[in-house]
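2 protein chains.
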Amino acid sequence: MHATEGSLLERRLILLTGAAGRIGSAFRQAHGARYLFRLADLKTDGLDDTPGDGHEVIRLDVADAAACAEACVGIDTVVHLAADPSPEAEWEGSLLANNIRGVVNVFRAASEAGCRRVVFASSVHAVGGLQDEAPIPDNAAPRPTNLYGASKAFGEAVAATYAAQGLSGIAIRIGAYDAPWFREQGDAVAAMAYVSPRDLNDLLVRCIETEDIPYAVVAGISDNARKRFTLEHTRGLLGYAPRDDGFAVLGLDP
Amino acid sequence: MHATEGSLLERRLILLTGAAGRIGSAFRQAHGARYLFRLADLKTDGLDDTPGDGHEVIRLDVADAAACAEACVGIDTVVHLAADPSPEAEWEGSLLANNIRGVVNVFRAASEAGCRRVVFASSVHAVGGLQDEAPIPDNAAPRPTNLYGASKAFGEAVAATYAAQGLSGIAIRIGAYDAPWFREQGDAVAAMAYVSPRDLNDLLVRCIETEDIPYAVVAGISDNARKRFTLEHTRGLLGYAPRDDGFAVLGLDP
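These protein sequences, in sequence, are chains A and B. Note that the numbering used here gives residue 224 to position 224 of the first sequence, counting from 1, and the numbers run on in steps of one. Note that the numbering used here gives residue 104 to position 104 of the second sequence, counting from 1, and the numbers run on in steps of one.
Incorrect hints may have been included.
What the hints assert, rightly or not - Label-pair restraints from in silico Cβ distances: (1) G236(A) <-> D253(B): 33 to 41 Å; (2) D253(B) <-> D64(A): 26 to 34 Å; (3) G93(B) <-> D45(A): 34 to 42 Å; (4) E92(A) <-> Q185(B): 34 to 42 Å; (5) W181(B) <-> L42(A): 52 to 60 Å; (6) A97(B) <-> E112(A): 20 to 28 Å; (7) G93(B) <-> G236(A): 35 to 43 Å; (8) I58(B) <-> R12(A): 49 to 57 Å; (9) Q185(B) <-> P254(A): 32 to 40 Å; (10) E211(B) <-> V73(A): 53 to 61 Å; (11) T44(B) <-> E92(A): 25 to 33 Å; (12) E112(A) <-> L42(B): 41 to 49 Å.
What the hints assert, rightly or not - Facing chain A, according to a computed beta carbon distance under 7 Å, are these residues of chain B, among others: (13) P142; (14) L147; (15) A153.
Claimed, not checked - Which residues of chain A face chain B? A few of them, derived with a C-beta cut under 8 Å, are: (16) W91; (17) G129; (18) Q131; (19) P142; (20) G149; (21) A150; (22) A153.
It is worth saying that the hints were derived from the structure and are not from the lab. The C-beta atom is built at its ideal place from N, Cα and C for all residues, glycine as well.
Extracted from the complex, chain A is given alone in its bound form:
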């Protein structure tokens, strides 16, 4: 057995929403032996390729409160990635259902099912309006410039709401996740917010496993030569030690 693979009973049961997306796919590919996943997405194609045995695959629309309630039964930690990920997303057409109602449905369901924790994919867009010459505190007050960012700030507030009722909640302000666009069009501003798949995977594990955190907002970026966030709070709380650098990835002089 691989060093990180436990028996079915020893592995934490994780509900991974948005499991078919880029971040969700990288995470389940990396940690299918470490966790027992309930893999949830609107489209479930390809979820069967997750390494490790015992995973479940379910179709889940997070705008459906009853489906969220069912999906949370028996779960230890929800990793809630499902959302419209576009900063240009339409409000009535998408954000309202997928990001606003979705995040309330998921936290409420997790709370009512007695889950231990929700790890919520917030975004650097929650603070997109803060000046970007110097690194900002990881958990600075929100200052979005678009309704996508406002929807992520709302998710952070929903995490606080359910934390007050005993459900541990950690929001990660995820930066510019490695992607073809980043390598083709990334500039110094993007490099400051870069996060590599292996650094974000490591951060997600720490967010799942670190005990005694009722509520936190942390920053999900790599060890970029110049940084969008200071990372002080995130390192101190979780022992996060990122290894990659967006400026090196792009071959840019910091």
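Given the structure of chain A, go ahead and fit chain B onto it with the hints provided.
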């Protein structure tokens, strides 16, 4: 003519949503000569008693985006008070329509109509989860304990979003507004967040008239002997000088 009364052309045109509520009624009664109001609420009974000439009365459901667009035409400043004001409000039944969709509809309509500013009634509940032994910064990062407070934190984020597009936005975290319940059941915790009608009326005038504020979150409490907020930021930005004290109102020893 009264010193504060200008001609119709000199008076700012203010859209007051929630004009029939307690805060809206105290404000229009106090400043019907200073401003030219478009008075808007779900029920318009009693709005005709506003002092001063030239006011308009309209029925407005802020969940109706087209109605909000119409209500903002020609307006200088929107004072957006309309919302479900209950910390126990239902999510699907009320907050989603009145507080979430409502606040986006109003800011978007104000932005598209070219209004100068929106003054938004946020709440002390946006930060209800922060410890209350010592005063907290007026604009501390949100930490609600209920979905009502989360809806107000969202409104603050929406204000930031439209500020990035050039619409000035000021959110007031309104405390415990003077009311029979306060005088009957108020305790030291309520006294720390107390705000009198005359102090809040004065703060609203300052939020409407102070120039050159792209975006701000300020605190709406009186000069309580012990305070929920420091008031430093609010005093510095707006020259706010509250006169009342919740401990004196209740006859409590601070």
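Those earlier numbered hints the structure runs against, lowest number first: Per hint list: 2, 5, 9, 12 and 18 violated.
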